[in-house]
Amino acid sequence: AQRVTQPEKLLSVFKGAPVELKCNYSYSGSPELFWYVQYSRQRLQLLLRHISRESIKGFTADLNKGETSFHLKKPFAQEEDSAMYYCALIRGSTLGRLYFGRGTQLTVWP
Amino acid sequence: DAGVIQSPRHEVTEMGQEVTLRCKPISGHDYLFWYRQTMMRGLELLIYFNNNVPIDDSGMPEDRFSAKMPNASFSTLKIQPSEPRDSAVYFCASSLFSYEQFFGPGTRLTVL
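Just so you know, the sequences run in chain order L and Z. Here my numbering = 1-based position in the first sequence + 116. Here my numbering = 1-based position in the second sequence + 26.
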């Protein structure tokens with residue numbers, strides 16, 4: 117069963133425009149949600165996690181339990197934000213195992 | 027710390043050959059993960075270990091795939107015999123207490 121859904125495989129915006137990468141999950145318990153990012157020719161790395169409620173590189177993500185969503189947002193996209201973004205979930209019952217979405221390739225045009 | 031180390035970075039082999047991918051996790055980490063990334067299926071978890079013990083291998087495609095972790099600083103993923111559909115990027119990742127996972131650079135496997 118698909119636990120993490122990222123409906124957009126590709127997303128393109130112009131520099132300075134707002135960007136929102138969507139993530140929905142299916143889990144009845146209390147998950148921990150993460151966003152991982154893979155820049156060109158770099159390793160996949162953690163961008164942010166919902167539990168820390170912080171803004172990284174201008175990105176924020178709010179966990180909406182009612183809508184089971186964890187969308188990633190940035191008010192003004194930059195060209196260096198172009199990358200592959202993965203939403204991921206840890207279930208309380210399976211510590212250690214991350215469930216990844218299929219990823220969204222974000223392209224920010226100059 | 028150099029982070030998670032994987033070797034080789036690129037592997038080209040012919041169908042039917044045995045392929046062994048290697049991973050050295052970050053020292054002190056107690057979880058190790060093997061993933062496969064393809065355009066069609068995205069990032070798939072193949073198997074993961076906790077304290078060198080395999081916990082979940084349900085993602086291993088079939089009996090041709092096997093993984094071992096003989097000690098805390100080394101793991102291998104073996105494909106025997108390899109097939110063209112195994113062509114992908116294979117990632118190893120490690121973590122401490124199951125939270126942030128640190129990924130290696132990946133091994134790009136091409137099976138001709």
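In short, the hints are calculated from the structure, not lab data. Heads up, some of the hints might be wrong.
Partial list, computed: chain Z residues near chain L (C-beta under 7 Å) [as the list claims (entries may be wrong)]:
#, residue
1, Pro34
2, Gly68
3, Leu69
4, Glu126
5, Phe129
From the three backbone atoms N, C-alpha and C, an ideal C-beta is built for every residue, glycine too.
Each hint, compared with the structure:
For the restraint placing Pro34 of chain Z at the interface with chain L, the shortest Cβ-Cβ distance is roughly 16 Å, beyond the 7 Å limit, so the hint is violated. Nearest Cβ of chain L to the Cβ of Gly68 of chain Z: about 4 Å, under the 7 Å cut. The hint holds. Taking 7 Å as the C-beta cut-off, the interface hint given for Leu69 of chain Z holds, the closest approach to chain L being about 5 Å. Hint on Glu126 of chain Z holds. Least Cβ distance to chain L is approximately 5 Å, under the 7 Å limit.
With 7 Å as the threshold, the beta carbon of Phe129 of chain Z comes within range of chain L, its nearest partner Cβ sitting at about 4 Å, so the hint holds.
Comparing the model with each earlier hint shows a violation of hint 1 alone; every other hint is respected.
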